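**Q** The primary structure of each chain is shown beneath.
Number of protein chains: 6
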Amino acid sequence: MTNGMNSNGRYEDRLDRVVEELCHPSSYETVFQRASHDVPMPSIEALGEIVELLRAVLFPGYYGQSDLTPGTMRYYLGSTIDRIFSQVTEQINRGLCFSCDDPGTVDCGVCELRAHEIAMGLLSGLPAIRRVLTTDVQAAFEGDPAAKSYGETIYCYPSIRAVTNFRIAHELYRLGAPLIPRIISEMAHSETGIDIHPGARIGGRFFIDHGTGTVVGETCVIGENVRIYQGVTLGAKSFPLDEQGRPMKGIPRHPVVEDDVIIYSGATILGRVTIGRGSEIGGNVWLTHDVPPQSRVYQGRAEEHRFTDGEGI
Amino acid sequence: MTNGMNSNGRYEDRLDRVVEELCHPSSYETVFQRASHDVPMPSIEALGEIVELLRAVLFPGYYGQSDLTPGTMRYYLGSTIDRIFSQVTEQINRGLCFSCDDPGTVDCGVCELRAHEIAMGLLSGLPAIRRVLTTDVQAAFEGDPAAKSYGETIYCYPSIRAVTNFRIAHELYRLGAPLIPRIISEMAHSETGIDIHPGARIGGRFFIDHGTGTVVGETCVIGENVRIYQGVTLGAKSFPLDEQGRPMKGIPRHPVVEDDVIIYSGATILGRVTIGRGSEIGGNVWLTHDVPPQSRVYQGRAEEHRFTDGEGI
Amino acid sequence: MTNGMNSNGRYEDRLDRVVEELCHPSSYETVFQRASHDVPMPSIEALGEIVELLRAVLFPGYYGQSDLTPGTMRYYLGSTIDRIFSQVTEQINRGLCFSCDDPGTVDCGVCELRAHEIAMGLLSGLPAIRRVLTTDVQAAFEGDPAAKSYGETIYCYPSIRAVTNFRIAHELYRLGAPLIPRIISEMAHSETGIDIHPGARIGGRFFIDHGTGTVVGETCVIGENVRIYQGVTLGAKSFPLDEQGRPMKGIPRHPVVEDDVIIYSGATILGRVTIGRGSEIGGNVWLTHDVPPQSRVYQGRAEEHRFTDGEGI
Amino acid sequence: MTNGMNSNGRYEDRLDRVVEELCHPSSYETVFQRASHDVPMPSIEALGEIVELLRAVLFPGYYGQSDLTPGTMRYYLGSTIDRIFSQVTEQINRGLCFSCDDPGTVDCGVCELRAHEIAMGLLSGLPAIRRVLTTDVQAAFEGDPAAKSYGETIYCYPSIRAVTNFRIAHELYRLGAPLIPRIISEMAHSETGIDIHPGARIGGRFFIDHGTGTVVGETCVIGENVRIYQGVTLGAKSFPLDEQGRPMKGIPRHPVVEDDVIIYSGATILGRVTIGRGSEIGGNVWLTHDVPPQSRVYQGRAEEHRFTDGEGI
Amino acid sequence: MTNGMNSNGRYEDRLDRVVEELCHPSSYETVFQRASHDVPMPSIEALGEIVELLRAVLFPGYYGQSDLTPGTMRYYLGSTIDRIFSQVTEQINRGLCFSCDDPGTVDCGVCELRAHEIAMGLLSGLPAIRRVLTTDVQAAFEGDPAAKSYGETIYCYPSIRAVTNFRIAHELYRLGAPLIPRIISEMAHSETGIDIHPGARIGGRFFIDHGTGTVVGETCVIGENVRIYQGVTLGAKSFPLDEQGRPMKGIPRHPVVEDDVIIYSGATILGRVTIGRGSEIGGNVWLTHDVPPQSRVYQGRAEEHRFTDGEGI
Amino acid sequence: MTNGMNSNGRYEDRLDRVVEELCHPSSYETVFQRASHDVPMPSIEALGEIVELLRAVLFPGYYGQSDLTPGTMRYYLGSTIDRIFSQVTEQINRGLCFSCDDPGTVDCGVCELRAHEIAMGLLSGLPAIRRVLTTDVQAAFEGDPAAKSYGETIYCYPSIRAVTNFRIAHELYRLGAPLIPRIISEMAHSETGIDIHPGARIGGRFFIDHGTGTVVGETCVIGENVRIYQGVTLGAKSFPLDEQGRPMKGIPRHPVVEDDVIIYSGATILGRVTIGRGSEIGGNVWLTHDVPPQSRVYQGRAEEHRFTDGEGI
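Note that the protein sequences, when read in sequence, are chains A, B, C, D, E and F.
Residue 221 in the working numbering sits at position 214 of the first sequence, and the numbers go up by one each step.
Residue 206 in the working numbering sits at position 199 of the second sequence, and the numbers go up by one each step.
Residue 157 in the working numbering sits at position 150 of the third sequence, and the numbers go up by one each step.
Residue 101 in the working numbering sits at position 94 of the fourth sequence, and the numbers go up by one each step.
Residue 57 in the working numbering sits at position 50 of the fifth sequence, and the numbers go up by one each step.
Residue 85 in the working numbering sits at position 78 of the sixth sequence, and the numbers go up by one each step.
One chain only, chain A, in its complex shape (with noise of 0.2 Å):
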């Protein structure tokens, strides 16, 4: 470059010459995204529009209009889930294209049918996710002595936030959809600190209290009425690899939690381990085995020391 370049020049040279570099195939063949049949991505934007649909249709009254009486719920109800059918309807098929394998000869009609048939689902089941809804609303408000009413844990709970997309995305993941229930719950996740996987199972009456970095991994079993805290984790310890040392999936890793079982803060319980019904387990316990009914198990008692020793830790 000559001196006599300005620097107006100096900068679309360097321009040009970075979008090359980064118009080069090898550059972007691992991180691009190209459309495939024409379907552009799920959209995250509309996904977090269509699941404060579904808290409008599960909680009414609390989301969505905030003045519907019985005598118009029918209209309101009908209009909102016939909005969500249709738009949860394209989601999915995005989320199957962004699954397609064979983006060059797949018959696209086949994946449209399929997020029909999926979206058809997720309706039929509204009732029965609100029902389930109802006793962990109960369980939130009788876990919690600052709990004043149902409806504050409705309206304010992270706990109901993250468990009613929980319930909407497990009943999407266990109809097939795939991605969607993924995003839908790391929304949850970014919102409220709570990261449950869409394929865990959970019974009724489930309450997180807190919940910040609690963390439900994908093979989990959760009985009835489990009561859990802030920073606990279900997860997984080492796991096997297939021949190109990849991690084999779909092997259930992760804990089996019966019912009736308390979990506090910070607890750690990796692998397919069962902590038997009618448990508690204390903050901060690091756990990697079975633990038989009623048991309770908590952390060895910590080191203390007078400061007259020096500085601090």
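Each hint should be verified, as a subset may be incorrect.
To be verified - Ranges of calculated distance between the beta carbons of each label pair, as one might list FRET restraints:
(1) E/Gly116 x A/Glu52: 28 to 36 Å
(2) C/His296 x B/Lys256: 43 to 51 Å
(3) E/Cys107 x B/Asn15: 12 to 20 Å
(4) E/Cys107 x A/Met255: 48 to 56 Å
(5) F/Ile51 x A/Glu52: 23 to 31 Å
(6) F/Asp74 x B/Arg253: 38 to 46 Å
(7) A/Val117 x B/Ser93: 53 to 61 Å
(8) F/Arg41 x D/Glu52: 34 to 42 Å
(9) B/Thr281 x C/His296: 24 to 32 Å
(10) E/Gly55 x C/Asp23: 41 to 49 Å
(11) F/Arg41 x E/Cys107: 43 to 51 Å
Stated by the list, open to error - Derived, one-sided and incomplete: chain A residues facing chain E with beta-carbon distance under 8 Å:
(12) Asn15
(13) Thr79
(14) Ser197
Stated by the list, open to error - Computed cross-link-like contacts, SDA-like style, restricted to lysine to any residue with a CA-CA straight-line distance of at most 20 Å:
(15) D/Lys256 x D/Asp108
(16) D/Lys244 x D/Lys256
(17) A/Lys244 x C/Glu149
(18) D/Lys244 x F/Ala309
(19) E/Lys155 x F/Thr37
(20) C/Lys244 x A/Arg313
Treat the hints as calculated values from the structure; they're not laboratory data.
Since this is a predicted model, take the numbers as computed values, not measurements.
The beta-carbon is built from N, C-alpha and C at its ideal position, and this holds for glycine as well.
Use these hints to put chains B, C, D, E and F onto chain A, whose structure you have.
**A** Below, chains B, C, D, E and F alone, put in the same frame as chain A:
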């Protein structure tokens, strides 16, 4: 259903049935919020705006109008506080209505007056809130070697953001506003992962570094110059139940932390225990008993092995 | 105040007095940001948009325009990078001004030039940033049995989101931009709960699973192929103070983590200690000393009881 | 002011003085709206939304949700009308309050009840409004050779947009709502250039082609099947004054246009004159007297010259 | 209805009845748009965005990104045109579907292909559209003594805005796109009051000063260098009807205006008449016959009186 | 191009060629705005916001905050004017830069200072602008029998909206701001159809009823208490050209309208003629000569026929 029915008809049929089911009182009784006294739900969006306006009043130039000067400050603070006053009065009134036990017959004028009085109290408390936040800013700057200036802590630190919300929420809690303080603290919880119940009493020079997952319970009492790290729980242990088997509300059940204490990341302290002045609590400790002043508490030494013996955890 | 004064008058009176108090220099001196050189505060909104544009450049098709092709990519990348360049130059200049020690007399042209040079550096660094992020994507896919495709990790995983922000922020930090890197990393912290200081040095194939509550401190050095779980702290212990009793800035005070290390959830590692190559650190461990290569460290066995002996924790 | 005063000081000084001047009652007495009964001004934004919701009810599928079907229509219309009802009740009440002569002592419950009754009237009138708009659509299609379908006139023609606003505004005017009808007709005026006063009485099959600049005055009476072009004025001539020299309100002072009349662009017809059934009024005519049925009225022949005689007009 | 029925019940009753009535096919048959082939209505919002993108392509730097340079222009124009292409293809397809006579059985692939071809045609026509708009800009500058620069006419003049929309709409009309051209010209009509039908044929150097109320009909033919003022109508007189009594579509029925003509404000010219080259038509003239080249036509002298004889008009 | 090329390839090919063509200097030279001095174009959006803020200052309670009181007005007016001041200074500077003849070498500090001085002038002029607008409001109320209150004219009448924009724009024009006044008057033109050039000089008590299509030219001089109706043109006739054949700028070429004149709809008055005090000009008149005081001018009687003689116009 006959074979001749087309897919659209099947859908509409199913929609009608799901709506029917969801509109049955047995389905919605627990999860339906019927507006009482024609007053809508508190608006989370409006409360978010109110808190941002309060930030602009408490930290002028950092939030809100960025080019105000000592000579124009009066106009901005006056108009902003006036907007806050009318908006927060409205939201407090909604919160009172939400919590009203007798939606049928009560005289709403009483609640409107009470909302007005609480908002007046918040208004009057603003100078004191700014005074204590000033000490929090100083503590954040002095407590983090990575901090470059007071301004950086005000503008970027989750601790200042969460503690500002807390100090506003606590003032409203103290003045008797229901629900609204909780929503304000949940906003900070969602943004920062720091969950401080509005009922906690916290002295000046309070700093939470990083903060994700830290929980401060409703009846905590925290002294001056306390520093806490991420993932710390100041929570309740088991709690007494009333005759209906529901947790009794309002009983002191969270720790008392005296002046000059430091609590490292992931420590879990449960129950009405006292952490004596000047103590340091190490990371990941599980602590459910009193600790005298100037204590140092830390987890026992972990087990360590070389990796020759297997494939890992 | 006389009895005859009506409620509105009382309010206006009180408003005037509160404004008076808040406009007294003694009230605002620490918490008021006076714009220096007529340059406004860095805009968090603008920086959010810049980061999203960068994501669109680094992961084309996943973010930004979803239907670009190899044939049209050049146009999109060129125009997007040009927008990034002018916007980020502006924000870097604001950050320099925010951090300016001498708001009265300094020649602002110097800062404008420096902002331009830093932005040029970021521009030139984009291909390298994409290269290392490509290895992070591969590590995420290989490190999580629940991952279905590279695309899913790019689009849904908080780790990729947080690490992308980190790699951008680190480049700006390295080039000498004040404040802006911090804001960019706090955005990721708020969205994902993952708090990586822009000053940390982190090798390729880095993966944080779940991630909520994980903290990586300013002077951390992390090797290649390191996997970390949620709630892990790589932090500082106590730190030396300068003559004014303020923490000394810029001293290495965080861990060194060598290649191929795995750290499980909730582990707390504090101080300038070295975790040797290939080690595994178990969950909830509190670790403040060096660990040789190939170590396995885990918490001692917890105490366990049956529930016959009382009502629980 | 001394020489030493800097530019900022001069500005703040001037600002203070201008504020002082503008806050003197003598400056603002005529142009200051003091909220009466704590009821805010009618919201132009809310009224815009109400009118769009009404369009969605009157022309389903063209406006609002585009994919509703006969099977789901009921849900959409029910919920939309319910939202309209509560929003328009609120706005009508604000309009009543805006027009209240006695802001001090009046019982506001009376106005709230009246707003409710007016909104009920609008609700009941919707089927009839749709019936007459259907004839307007047919007239637009038949009156313009450029129209391709009913749908095109509904979706694209300013006439249908303006006449829809008019028919809604007229219903509210008829029911006694102050101010609101005027705002609704001004919205159409701003969008289309067609200014129809809500007080006019207009029969079915009404069509205004192009329409910009057309004015229909408050006391106009227009029959069935009338077609008007752009720039037509149906206005008032001079009007009688009352004792204070103010124009007397409410006296018939605009034209009566009988059935089947066509009025071409730019015609100005002033005063309480009657244009007899089946007449055609040519463009740019100035008409201030009655015209019998079946008349043809047009401007006298213009003067024409060749251009040899000078440089033009 | 019994006396005991409360006000809410009365309302819900009425709501149900109105919904019933509006959902009866006899009520909605003419005014209900049933989506054909699951393709939604053309989106006025999307078309507004497309036109703004086209403005950014045609007048770079004035619209869209304001700081592009000759060195970066290629990136912006390329990416913007690519976005236009995919968006306009979608909207053209919606327009074809809207106009489809056989919503039941038609092969939609044909329309999609046609939409693609029309969009390709628009793309190819952009350089020519810019060429002719360049002459329009020059004519506006030269035709208005108040214009200060070419830039001012591009950025501020309603004529340029409306003529840009027209030239885009005309290209789409020429290529056979239904409905979409009309929507684009109605946008300009609403913003500027200038109503040019997309079917008109208009030469270069075309300028409409002020423009409000000016109408140019579907079959107009306008030569080079024509200047028109506000309120001018180039319209149709009576038009022949077909056997069903509907106006026959597509017959030449609007004026031919030859090169170098000026038409002053408010002139009304109706029917397939020819205004000869170089003529000037005065304001407010009503003209329904041919005029030879170089003519000057103006209204006869008005009647004038002094005011002694009464109170005015 | 070979047959084997697929549709996508053809498209990208065509895109590349069109971009090439549009990026050739010969294509863009007239229509490309190259940012001068790195100062962006005036922002129409920002100017729209400025005008709305000015409306809130001029008509407090009608626009902006609706519940301000005499006791809080000072805060709102002060902060609003301060925001206006800094925003309008920025926009005036952009306008100066847009109009700068020498984008290469000029000292931009001069323009920044000039922008500051013009903004100071606008600030100081606000009380006088409000004074004259107060008389305009009174004239609107007294001039329209349909007006119910001063408030209705302030809030709903296009005349007040357009004249407010005019009086602001005129002040900026008088102070020497280029371009910005024009943009402000075009905003009103687009919203109301009233096109008043900022250069016109207009006395108090000015009222334009309905207003669509009314044009007031740059060098018009209008006295006190003038009332004008829709579609009136106060324009220029032919205008002298300079040596390059371009219209000479700045010569008085529009009418002088003396006090107490009324001009009815559609009248066209062209050239530097004087309409004497107290005259009335009838609708649709074409007037290009002086008229003495107290004149009545109206169009000659139109021709009238019965309809027996044919099918109409």
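**Q** Give a verdict on every hint.
**A** Quick rundown of the hints versus the structure:
{"no.": "1", "hint": "E/Gly116 x A/Glu52: 28 to 36 Å", "result": "holds (30 Å)"}
{"no.": "2", "hint": "C/His296 x B/Lys256: 43 to 51 Å", "result": "holds (45 Å)"}
{"no.": "3", "hint": "E/Cys107 x B/Asn15: 12 to 20 Å", "result": "holds (19 Å)"}
{"no.": "4", "hint": "E/Cys107 x A/Met255: 48 to 56 Å", "result": "holds (52 Å)"}
{"no.": "5", "hint": "F/Ile51 x A/Glu52: 23 to 31 Å", "result": "holds (27 Å)"}
{"no.": "6", "hint": "F/Asp74 x B/Arg253: 38 to 46 Å", "result": "holds (43 Å)"}
{"no.": "7", "hint": "A/Val117 x B/Ser93: 53 to 61 Å", "result": "holds (57 Å)"}
{"no.": "8", "hint": "F/Arg41 x D/Glu52: 34 to 42 Å", "result": "holds (38 Å)"}
{"no.": "9", "hint": "B/Thr281 x C/His296: 24 to 32 Å", "result": "holds (31 Å)"}
{"no.": "10", "hint": "E/Gly55 x C/Asp23: 41 to 49 Å", "result": "holds (47 Å)"}
{"no.": "11", "hint": "F/Arg41 x E/Cys107: 43 to 51 Å", "result": "holds (46 Å)"}
{"no.": "12", "hint": "Asn15", "result": "holds (7 Å)"}
{"no.": "13", "hint": "Thr79", "result": "holds (7 Å)"}
{"no.": "14", "hint": "Ser197", "result": "violated (29 Å)"}
{"no.": "15", "hint": "D/Lys256 x D/Asp108", "result": "holds (17 Å)"}
{"no.": "16", "hint": "D/Lys244 x D/Lys256", "result": "holds (14 Å)"}
{"no.": "17", "hint": "A/Lys244 x C/Glu149", "result": "holds (15 Å)"}
{"no.": "18", "hint": "D/Lys244 x F/Ala309", "result": "holds (18 Å)"}
{"no.": "19", "hint": "E/Lys155 x F/Thr37", "result": "holds (14 Å)"}
{"no.": "20", "hint": "C/Lys244 x A/Arg313", "result": "holds (18 Å)"}
Comparing the model with each numbered hint stated earlier shows that hint 14 is the single one that does not hold.
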